[in-house]
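Novice: Residue numbers (the working numbering), protein chains in the order written: chain A, 1 to 228; chain B, 1 to 176.
There's no promise every hint is true.
[Claimed, not checked] One side of the interface only, derived from the structure: several residues of chain A facing chain B at Cβ under 10 angstroms:
#1 ARG81
#2 LEU82
#3 THR83
#4 GLY170
#5 SER174
#6 ALA176
#7 HIS200
#8 GLU211
#9 ALA221
Hints are computed from structural coordinates only; laboratory data are not their basis. Cβ coordinates follow ideal geometry from the N, Cα and C atoms, glycine included.
What follows is the residue order along each chain.
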Amino acid sequence: MAEDIINAAGLFKNFGTTEALRGIDLTVKRGEVLAVMGPSGSGKSTLIHCLAGVLTPDSGAVVLDGQDLGSLSTDKRARLRLTRVGFVFQFGQLLPDLTATDNVALPLLMGGKQRRDATKTAREWLDKLGMADQAGKVPGDMSGGQAQRVAIARALATRPAVIFADEPTGSLDSVAAENVITSMLDAVREAGTTVVLITHDARTAAYADREVIVRDGRLSAATRGAAA
Amino acid sequence: MDKTPALLGLMSEGSTHGYDLKQRYDSVFGTDRPIAFGQIYATLARMIRDGYISALGAEPGEGPDRKRYEITVAGRAHLREWMQTPDTPSPTLHTNLFAKTILALMLDDDAEALLDIQRREHLARMRELTTDKQNASLLDRLAIDHALFQIEADLRWIDMTSARLGDMRKEIGHHG
C-alpha cells in the first residue's frame, strides 16, 4: 500500500465565533484522488487550505509530503507550497494578458527555471491536457473548459506532489466538466500526483478513488476512515 | 417500499391494533396509496411467524379484530438492520429511503447517518459506472450517462433531505 502523503490529525479552526473545523482526522495516500464533498459552508475549503498550509489550524497537525507544517517557518511553508503543491480553482486564476504557454511557464520561471526550459515544459503540459493548439491564445479567447485545462497544466507543470482543486469544474457545463476532469485525471495519474478535489458534483466525484463528506466541520461517519 | 420493516417501525413506539396500524401507515406513508386491511393482516401474520412481533391477546370492543401486537427484540433488530443497510440504486429506491428517513426521525434515530450511508452506496455505484464508461463505446456511454444522471437525481434528493432534517423533525413531531 502506498504511503501517506497527507496526514492530518485533530484539526480545529475557528473564524471568530464560527467553528469551521471541529476535529478532523484525514489521511491521503500518495497517488490517490480524493473527492471532498459536503454542503456549502461545511468547512471543505477551510480543510483543504489547512492541508495545503495556506491556513494554520488552531489546533491539530498536518504532515504534508513528510513535512510537519506546524514546525515550518512562514517562508519554508511558502516554499513548500510553491514546489510541492499545486492549486486549481473554479475560475479567475489565469493572468489575462499572458498566453496559455506563458501562464503555464510562470510558476516555473518563479521557481528559477530558464525561460527556454520553462516554455518547453509548459508546452509539454499543454499537450498532455489536449491544449497544444491553444498554446498561443490568451485566456479571453478560450472557452471556460479550455481555460481550466490551462490552469491544470500550470498546476502540474512544477510537478507538485499534491494538487488541491476547489470546484475545478464548478462553472462548466456537463460536457466541458467531463472533458476537464478526465484530462486532468489522465495527466495526474500518469504523473503519480495526488489530488484532493472539492466538488459538489457527484459525477465529478465519481472519478475519484474515494470520497469524504464534510458536514458542520467534521467528516461524516459513513466516509470517515474509509481509506482506499 | 418494504412493508414489513415500515410497519415494524410504526409499531416500535408501542403496542397497537391492526386497525390503528393501518391508520398510522396511511397517514405517514400511504397518502396516495393506502394499504389494504388484507395486506396489514397478512403482513402481521408473517411477522408473528418470523418472530418480529407477538400478539398480546384480544380486547373486548367493536371491530373485526381487537388483538394488540407488540414488536419483539428480534423485530427491533430486523428493523435496525434494514434501516442501516443501504439500498441498491434503482428507480424505486426513493420509497424505501423515504420510509427509512421518516422512521429514523420518528424514532429519534440518526437520520443523517442513514442518508450518508446511502449517499456512499450511490457514489460507489457511480464510480463503477464511471470506470465502465471510460472504455465503453459511444452508445454504451450514452446508456451509462443516463444511469449516472438518475443516480445523481437520487443524490440531490438525499442532499436536499439531509439539509431539511431539522424542519422535518419538527413536522414529524407534530404528526405523531
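Novice: Does each hint fit the structure? Answer for all of them.
Specialist: Hints and how they fare:
| no. | hint | verdict |
| --- | --- | --- |
| 1 | ARG81 | 30 angstroms, violated |
| 2 | LEU82 | 33 angstroms, violated |
| 3 | THR83 | 32 angstroms, violated |
| 4 | GLY170 | 15 angstroms, violated |
| 5 | SER174 | 9 angstroms, holds |
| 6 | ALA176 | 15 angstroms, violated |
| 7 | HIS200 | 9 angstroms, holds |
| 8 | GLU211 | 6 angstroms, holds |
| 9 | ALA221 | 6 angstroms, holds |
Consistency note: the structure conflicts with the earlier hints numbered 1, 2, 3, 4, 6.
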